[in-house]
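Chain order of the listed sequences is E, D, F and Z.
First residue of the first sequence? That's 10 in this note's numbering, and the numbers climb one at a time after it.
First residue of the second sequence? That's 10 in this note's numbering, and the numbers climb one at a time after it.
First residue of the third sequence? That's 10 in this note's numbering, and the numbers climb one at a time after it.
First residue of the fourth sequence? That's 10 in this note's numbering, and the numbers climb one at a time after it.
Simulated from the structure, these hints should not be mistaken for lab results.
Every value quoted in this text rests on a predicted model; they were computed, and no experiment measured them.
Some clues are possibly wrong.
As the list claims (entries may be wrong) - In the SDA-like style, the derived pairs of lysine to any residue whose C-alpha atoms are separated by at most 25 Å in a straight line are:
no. : chain 1 : residue 1 : chain 2 : residue 2
1   : Z       : 66        : F       : 328
2   : F       : 89        : D       : 15
3   : F       : 79        : D       : 77
4   : E       : 79        : Z       : 70
5   : E       : 73        : D       : 317
6   : E       : 79        : E       : 227
7   : D       : 79        : F       : 212
8   : Z       : 73        : E       : 41
9   : Z       : 207       : Z       : 87
10  : Z       : 207       : Z       : 101
11  : D       : 82        : D       : 10
12  : D       : 329       : D       : 343
13  : E       : 82        : E       : 290
14  : D       : 89        : D       : 99
15  : F       : 160       : F       : 212
16  : F       : 82        : D       : 96
17  : D       : 79        : D       : 89
18  : E       : 329       : E       : 169
19  : F       : 66        : D       : 78
20  : Z       : 207       : F       : 152
21  : Z       : 79        : E       : 169
22  : Z       : 66        : F       : 316
23  : F       : 329       : Z       : 156
24  : Z       : 73        : Z       : 41
25  : D       : 79        : F       : 17
26  : E       : 89        : Z       : 72
27  : E       : 329       : E       : 130
28  : F       : 207       : Z       : 156
29  : F       : 82        : D       : 43
30  : D       : 160       : D       : 327
31  : D       : 73        : F       : 83
32  : D       : 329       : Z       : 345
33  : D       : 160       : D       : 96
4 protein chains.
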Amino acid sequence: MIVILRRDASEEQVRRIVSAIEEAGFGAHVSRGEQRTIVGAIGTSPEARPILIERFKGLPFVDKVVPVLKPYKLVSMEAKTQREPVRVGDVSVGPDTFTVIAGPCAVESEEQLMAAARAVRDAGARLLRGGAFKPRTSPYDFQGLGEEGLKLLAAARRETGLPVVTEARAAGQVELVARYADVIQVGARNMQNFDLLKEAGRSGMPVVLKRGFASTVEEWLKAAEHVASAGNLNIILCERGIRTYEQAVRFTQDLAIVPVVRELSHLPVIVDPSHASGRRGLVGPVCRAALAIGADGALVEVHPNPDGALCDAAQQLRPKQFEEMMRRLRRLAAALDREM
Amino acid sequence: MIVILRRDASEEQVRRIVSAIEEAGFGAHVSRGEQRTIVGAIGTSPEARPILIERFKGLPFVDKVVPVLKPYKLVSMEAKTQREPVRVGDVSVGPDTFTVIAGPCAVESEEQLMAAARAVRDAGARLLRGGAFKPRTSPYDFQGLGEEGLKLLAAARRETGLPVVTEARAAGQVELVARYADVIQVGARNMQNFDLLKEAGRSGMPVVLKRGFASTVEEWLKAAEHVASAGNLNIILCERGIRTYEQAVRFTQDLAIVPVVRELSHLPVIVDPSHASGRRGLVGPVCRAALAIGADGALVEVHPNPDGALCDAAQQLRPKQFEEMMRRLRRLAAALDREM
Amino acid sequence: MIVILRRDASEEQVRRIVSAIEEAGFGAHVSRGEQRTIVGAIGTSPEARPILIERFKGLPFVDKVVPVLKPYKLVSMEAKTQREPVRVGDVSVGPDTFTVIAGPCAVESEEQLMAAARAVRDAGARLLRGGAFKPRTSPYDFQGLGEEGLKLLAAARRETGLPVVTEARAAGQVELVARYADVIQVGARNMQNFDLLKEAGRSGMPVVLKRGFASTVEEWLKAAEHVASAGNLNIILCERGIRTYEQAVRFTQDLAIVPVVRELSHLPVIVDPSHASGRRGLVGPVCRAALAIGADGALVEVHPNPDGALCDAAQQLRPKQFEEMMRRLRRLAAALDREM
Amino acid sequence: MIVILRRDASEEQVRRIVSAIEEAGFGAHVSRGEQRTIVGAIGTSPEARPILIERFKGLPFVDKVVPVLKPYKLVSMEAKTQREPVRVGDVSVGPDTFTVIAGPCAVESEEQLMAAARAVRDAGARLLRGGAFKPRTSPYDFQGLGEEGLKLLAAARRETGLPVVTEARAAGQVELVARYADVIQVGARNMQNFDLLKEAGRSGMPVVLKRGFASTVEEWLKAAEHVASAGNLNIILCERGIRTYEQAVRFTQDLAIVPVVRELSHLPVIVDPSHASGRRGLVGPVCRAALAIGADGALVEVHPNPDGALCDAAQQLRPKQFEEMMRRLRRLAAALDREM
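All chains, full assembly: derive it from the sequences and hints.
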């Protein structure tokens, strides 16, 4: 880390910084300019570093503390020599494919789920999604079918051959979800639920890690590091929109973050246009943009009869609309030399 | 709710809206202007309403859907004829007092906690805070002492007489925390952890509910409604800063939301200046502003030796600084006719 | 507009609203539900409406005021039966083309501009951009060549045949800029400079109207309405990134707003990836996404020698990079049935 | 500045950075850690620095460029040994007073302005505000009385003795405004109108510089530097709310920025609660918080009859409300040892 002192910092204060760095086991390096004195700390200790940074920030004679190393390692680009796919059964996510994961917002009934599953498989989706445990912002909303929903998902997999992605809402649900599903989804509101991240990590299963709707890229990758540090690198990052001042859409889809993340991390990145926009009319255009900007896939909500859906009716595509969208995506993928 | 149709909506489309409203058990009322047709739904059904709103939003001939009723009831101002305090032992939070809750970010050791507890009690704090389970954004950071920390907190209460506020990080921890503490804190990252909210509600204990750092007032009150709908109205709302584009501070403290919340809800609102600013120099000024704007209290981090703290060193006050801050607050409280 | 009263509003207060609506020349329509009384105002008067809305908002017994009509007309989708291109000489912008406008951030010298102009023309750009008046955030930065820069732009047009887009920074500069350029650009920081908008409107020339970096879609279209209401509908909207909490890029490119704007307005929308990202590595991917999501073009910075540029060095493409980007865009455009 | 290279940067790339730094006239200092190489540039040249920073940012082997010096000098705390008031006639703004500036949003008529002016003077305001040139977001809104309004303001000063604050909307209006007013206001939408800033600087008159509603503290102080570098240090900074995701209020008042700005700059900082909240009920509480947090004053809208106001009706105080607010502020000021 680099510590930039205030202009009026005294020699004694410079020495305080140097001692603290040395006591923490780092080497210190002082550079005196005309206007400022700068102290660099050399060496690495992932435990000692954040404490020291925080401590220096609180000193009145310190102007700025600049970390030099990234606060994540296993998921960073520097940790790998080449980008590899995350495999779910015989489906690959990244780096040369565009993998579409589709299905209803919530599992509502056997009939609804089977209709959705068949429709998305026929149109070219490679994985099936569906929520059994729904995090709902109001206590008066539908909360999901729970384990019954998981069983239906497993049945839909048997029927269609599509591996299943579903959300675990708490650390204690991971084992249950892992029993029925193929990929564990960690929702945006849980991106910093560190117990859940660790448990998902320990499970060894592929994890879809949604970006918190007000999380920075750095926080997102640190959350992925929680999963990775429990021994699991099968992580698929998922951009699902961030909260901004603009209210014309539900969330602002941060598509341009995809190439930024791909520079920082070797993990595949997919995009969820359904939750970001909250409107089915935007799902197709955003998917095409996601593909064009280099995303590794998309997570799309499809419902056999959205008007009767128990949640998120406005954003779920009808099977016909999904089919048409997939047709246009395939043509685009060909022009971009991507498999689909 | 009110449904505003697009200019070119047909008579048949108007009828579709009316039928859907009536089938859901509401009355429909059509108003035709020169430029727009508007349909109102009359009646209340907290379950049917959100589904209908979502469904109408997805229709291509609908321009806007405007909810008329608030999505929370028990915590709304309309639910009570007068504002009452939340009581913790013999301490009252709101509406005529300014209650300061203070203590270290994390419980680190018996010595550290006891020193902090005595210092904050002597300076006039009414409740003791301290974290046993720390949600840390990096897996390489200190994660808290767990149950050992809870035991130390209970010991500090015996020693100082101050009731204890501490965080539960998951639904499964509520029972454990309730065994040792007097108030359960739900952290900002857990504001939409609905299982935890419900469990905190069932416990019947006073709850400090922090605002998510990207949550709207409406979402915050809906989260409180989750606690309340489980039968527990002992909720203290806590503003702890929101995420904005400004990076000169860690979070933007949304002080002006205090009078807004007090208009919408009967619950007391306190302010946490330590996490918002991330710097001890701002804690005093923000506390004074919180008192002046009508907050019911503040949650302040105090550490006997911040330079050696295992977390958030920069924002924790030294005991002397806290004492001086409390002295200035008392003078201000007197000029505002508030008890402290 | 619709006025939703508070639950406890009295009959007398309802009458106050009704009288105010009628005195302003509107019809009033009262609807009494079990929980709320709602008053609708029928009729249109673009002058009286905003005053009334603002006045009602200030009344303590009013809960919410909801406008029914959009605050812009001439630029709205409802004002036209079909989408038409904006024409600059024989170049069309929208709705079936993807028009690339390219050139250096600032005009620095004849040599620099000519090299850039030839390079972008040869690679397929249809319009030349370059700044003569630069709005710089620091007084110590390069401020542009002024009229001398405009003359060089005109010379570059003669040489390459490309029509010229350049920024006017104030109402008083419009006439001067119009003398040399083919399209007047209104920068993001001037999106609400209403004198400039009106003057650009009066000029009758095509206008590129950048979105303010913290402006909503509604404010952007209201700004366009300022130009349009001065008699000029030759407006090209340009999304150039919005300010969010994310600091990994300079601005968050709001690509998903493109289909939203196309639903609300008949004006073409282009995208500026250079200013949003601030890094040349993102320009290509964002351009491809812009094309895929349905934008009508892009505004791209190209400099013959970015390392020696007097401004925005990091985001300007080298001619080779631009050429390669255009090649990939053309292939993509073919797969999307768009002309380029 | 400090340049942090990517892990895999070659020796040749390090040399490129060093050469570029030396060619720009700075000294270069290389520090090689185990993981990263860091190059520091020593020396100052306000012109060369931003160009170099921008250029390095664009290099693929550079990870981060960290400026060491602040991009403003004259307005920084380091430029002065002590804080001095800005004087307007015999009124002082800062550092020991809390100066209230009040008056109507827009000058509408002689009668309206005189009534407002007398009321605010009698209640203790020290300066009179009123808009003659109104920046309106819709072309259908009231645009102000222009020079006629300025004449009325000058008449109100003669009548009440209160110096006058009014907005100039463009560089070309500064001379006209300076002829009638005592303080030139630069509005939030013009904070980066650099021609206007420079002209206001040249006028030598006191300037109220509002913070742009999406501007960082650094940009705000750079804007102030534009005024200062034209030879005018009579600058009063004014926080008027920033745009965030929260829609319960018009803008989020960033009160906690006041102590932050006071640490960085010697300029006085006042707060405008009227525009931020858009509701008169919040004006009093926010003013009290502004005083408590250390602001040097407030800018408050007062109208003799807000219900008939031509703009911003909801946020303007009635004279009685203003009087009551001032009474409470004075009591608070006494408890904080501030003059009013």
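Verification of the hints:
Note on residue 66 of chain Z and residue 328 of chain F: the hinted pairing holds, with a Cα-Cα distance of about 19 Å set against a maximum of 25 Å. Between residue 89 of chain F and residue 15 of chain D the alpha-carbon distance is near 15 Å, which keeps this suggested pair within the 25 Å criterion. For a cut-off of 25 Å, the pair hint linking residue 79 of chain F to residue 77 of chain D stands: about 20 Å separates their Cα positions. With a C-alpha separation of about 15 Å, the suggested pair residue 79 of chain E and residue 70 of chain Z falls inside the 25 Å cut-off, and the hint holds.
Pair hint residue 73 of chain E plus residue 317 of chain D holds up; C-alpha atoms about 19 Å apart against a cutoff of 25 Å. For the proposed pair residue 79 of chain E and residue 227 of chain E, the alpha carbon gap of about 8 Å is at most 25 Å, so the pair holds. A C-alpha spacing of about 48 Å is found between residue 79 of chain D and residue 212 of chain F, which places the hinted pair above 25 Å, so the restraint is violated. Between the alpha carbons of residue 73 of chain Z and residue 41 of chain E the distance comes to roughly 21 Å, so the proposed pair stays at or under 25 Å and holds.
In summary, the hint linking residue 207 of chain Z to residue 87 of chain Z is supported, as the alpha carbons are separated by about 22 Å, within the 25 Å threshold. For a cut-off of 25 Å, the pair hint linking residue 207 of chain Z to residue 101 of chain Z stands: about 24 Å separates their Cα positions. Taken as a hint, the residue 82 of chain D and residue 10 of chain D pair is honoured in the structure, with Cα atoms around 16 Å apart against an allowance of 25 Å. Between the alpha carbons of residue 329 of chain D and residue 343 of chain D the distance comes to roughly 22 Å, so the proposed pair stays at or under 25 Å and holds.
For the hint pairing residue 82 of chain E with residue 290 of chain E, the CA-to-CA distance comes to about 39 Å; that exceeds 25 Å, so the pair is violated. Pair hint residue 89 of chain D plus residue 99 of chain D holds up; C-alpha atoms about 23 Å apart against a cutoff of 25 Å. For the hint linking residue 160 of chain F to residue 212 of chain F, the alpha-carbon distance of about 19 Å falls within 25 Å, and the restraint holds. Distance hint between residue 82 of chain F and residue 96 of chain D is unfulfilled; the C-alpha atoms sit about 55 Å from each other, more than 25 Å.
For the suggested pair residue 79 of chain D and residue 89 of chain D, the alpha carbons sit about 15 Å apart, so the restraint of at most 25 Å is met. Simply put, residue 329 of chain E and residue 169 of chain E have alpha-carbon atoms about 18 Å apart, close enough for the 25 Å limit, and the pair holds. Restraint check for residue 66 of chain F and residue 78 of chain D: satisfied, since their Cα atoms lie roughly 17 Å apart, inside the 25 Å limit. Note on residue 207 of chain Z and residue 152 of chain F: the hinted pairing holds, with a Cα-Cα distance of about 12 Å set against a maximum of 25 Å.
Taken as a hint, the residue 79 of chain Z and residue 169 of chain E pair is broken in the structure, with Cα atoms around 61 Å apart against an allowance of 25 Å. With a C-alpha separation of about 10 Å, the suggested pairing of residue 66 of chain Z with residue 316 of chain F holds against the 25 Å cut-off. The hinted pair formed by residue 329 of chain F and residue 156 of chain Z fails the criterion: a straight-line CA distance of about 54 Å is larger than 25 Å. For the proposed pair residue 73 of chain Z and residue 41 of chain Z, the alpha carbon gap of about 15 Å is at most 25 Å, so the pair holds.
In summary, the hint linking residue 79 of chain D to residue 17 of chain F is supported, as the alpha carbons are separated by about 14 Å, within the 25 Å threshold. Taken as a hint, the residue 89 of chain E and residue 72 of chain Z pair is honoured in the structure, with Cα atoms around 18 Å apart against an allowance of 25 Å. Distance restraint check for residue 329 of chain E and residue 130 of chain E: the Cα-Cα separation of roughly 13 Å lies within the 25 Å cut-off, and the hinted pair is therefore satisfied. Proximity of residue 207 of chain F to residue 156 of chain Z is assessed by CA-CA distance (about 19 Å); at most 25 Å being required, the pair is judged to hold.
For the hint linking residue 82 of chain F to residue 43 of chain D, the alpha-carbon distance of about 15 Å falls within 25 Å, and the restraint holds. The suggested pairing of residue 160 of chain D with residue 327 of chain D holds, with an alpha-carbon distance near 24 Å, which does not exceed 25 Å. Taken as a hint, the residue 73 of chain D and residue 83 of chain F pair is honoured in the structure, with Cα atoms around 20 Å apart against an allowance of 25 Å. With a C-alpha separation of about 20 Å, the suggested pairing of residue 329 of chain D with residue 345 of chain Z holds against the 25 Å cut-off.
This hinted pair checks out: residue 160 of chain D and residue 96 of chain D have alpha carbons roughly 23 Å apart, not beyond 25 Å.
In the structure shown, a violation is registered for the earlier hints numbered 7, 13, 16, 21 and 23, in ascending order.
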